[in-house]
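Chains as they are written, first to last, in this note's numbering: chain U, 1 to 187; chain G, 188 to 501.
Derived by calculation from the structure, the hints in this document are not laboratory data.
Here the structure is a predicted model, which is why all the values come from computation and not from measurement.
Incorrect hints may have been included.
Claimed, not checked - Restricting the straight-line Cα-Cα distance to at most 20 Å, the calculated cross-link-like pairs of lysine to aspartate or glutamate (DMTMM-like) are:
no., chain 1, residue 1, chain 2, residue 2
1, U, 173, U, 158
2, G, 430, G, 316
3, G, 317, U, 154
4, G, 430, G, 474
5, G, 317, G, 280
6, U, 173, U, 154
7, G, 253, G, 267
8, G, 283, G, 273
9, G, 253, G, 280
10, U, 173, G, 273
11, U, 17, G, 273
12, U, 17, U, 174
13, G, 317, G, 267
14, G, 283, U, 174
15, G, 400, G, 474
16, G, 430, G, 478
17, U, 12, G, 280
18, U, 12, G, 195
19, G, 430, G, 321
20, U, 12, G, 273
21, U, 17, G, 280
22, U, 173, U, 163
23, U, 173, U, 19
24, U, 173, G, 280
25, G, 430, G, 292
26, U, 166, U, 154
27, U, 166, U, 67
28, U, 12, G, 482
29, G, 317, G, 264
30, U, 17, U, 168
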Amino acid sequence: MGFWDTLSGRTKPVAPKLDALFALPSASITLQVGANFTMTGRGAVCFRPADGPAFAQTLSDVVELLDQDDDPDVEQSTDEYGFTWLLVRQNDMGALVTDLHAVTTSLEAQGFGQSMLCALVSFTDPSGRGLALVYLYKQGTFYPFAPAGQQRRDNVLELQTRDQLKQDLPIEKDLSRWMALWGAPGL
Amino acid sequence: MKSRFVADHGLTARMTGAMFVLGLLFVVVIVGLMLIVRGPFAIIIGLIGLGIAWYQWYASDTLALKAMRARVVQPHEAPELHAIIDRLCAMADMPKPVVAIAYTDLPNAFATGRSPSRAAVCVTTGILDKLTVDELEGVLAHELSHVAHRDVLVMTLASSAGIITGMLLRGSMYGGFGMFGRRSSSNNNGVPVWLIVLLAAIVVYAISFFAIKLLSRYRELAADRAGAFLTGKPSSLANALTKITGDIAAIPQRDLRAAEPMNAFFIAPAVSGVSWKTLTSTHPSLEQRLEQLAEIATQLGRRLDGGFSPGQGA
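So here's chain U without its partners, still in its complex pose (with noise of 0.2 Å):
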């Protein structure tokens, strides 16, 4: 924040970044042979839904291209803090990561990309851990989630992960960011 802004009391809003997020294809090609863990094909996006009409329309409009073609249909829905999740199902990871990008930019073009909080794809291993990689759209940086059981995370193999895609993604460094997101939908 600027001097002025300080003085103005006004807060400029944040706009989401976006580019990162192409990196998902050859960091998911790095954790499947450095890891064994391969995408489920589920990958699901977090916002904040604002109130009034603008935001319910631009949000069905987003839904509606999204269904328009043969794959399965984006599944909506609101976890306890009031935060919109649209669940998007897809095996291949490019296709994956243009669907999370389109919810961004219709949201971003009707003047909600404040709204937007995070989005992740999951992955599993053949011994059926889970681990999701989370995208932070406005700090443009990725973090590994691993839950494991209820309210506990796998530390371990976050930290593991998080060495094994340095030099594909930009991981977040502050771990204090690498917030929990419990029964999150796609995990």
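With chain U's structure known, arrange chain G on it following the hints.
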């Protein structure tokens, strides 16, 4: 980026006006001190005043949390509260503040700290009990906006002129540190200098008192605005404000007095004054705040391409 955030230029202009008056007062006080009070006293008084203001700002987080007897809570102690703040901070791209809980039934919340990277947000158990998750999020977004706007710094700077004149007033009550009387002894017919200084100090103090309260109300409106745009739910903040102010008005006086010094940083003021209310209040009236939130709701509900797609009517 296309953004729905609309700046309120009227509010910015009024806020700048209030800050200009306070800045001017500060200059007047310093120059006045240098002219009237000869010798090193002027600089010493000015420095002590600035030192007090600096300390209030620098230690604001520890001081405020101590004054409220608040306890810092870790994520495992208050997972829901931390999760809400985590998400808001991620959306606003700001560092996460320290989270604290004050054990009082008074429903309130405040933010403090010298900078966004050294800030604390505190909620009372009363507010946790009374608000829904959505409403609590609205309140926390308001508090985080205070942090992002550096309101502690702005308000401390704004009050430094008041602090210095306050010291002068108190000093002149005890004989003006023995420094105002010297010149008047050679001029027995005129008005004594200490009296002029006293009157000037009273005037400056009065103006700064009202200007600070005015500025505080503008900062509250600005925080409401930024918070409502961040969550996209002005209605939740409006609900929360209605609930909180209603409850605060109903709570007995004794509890209220205990919380009084912290008023400027609370989300809703804990004192229900009857007289002077609009002039001396640190917070805008509930009606004023609800009105602004309703305006934001209208702005959020409008399509940016001007109109709805077919099926919704033209």
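Non-conforming hints, listed in increasing numerical order: 3, 5, 7, 9 and 27
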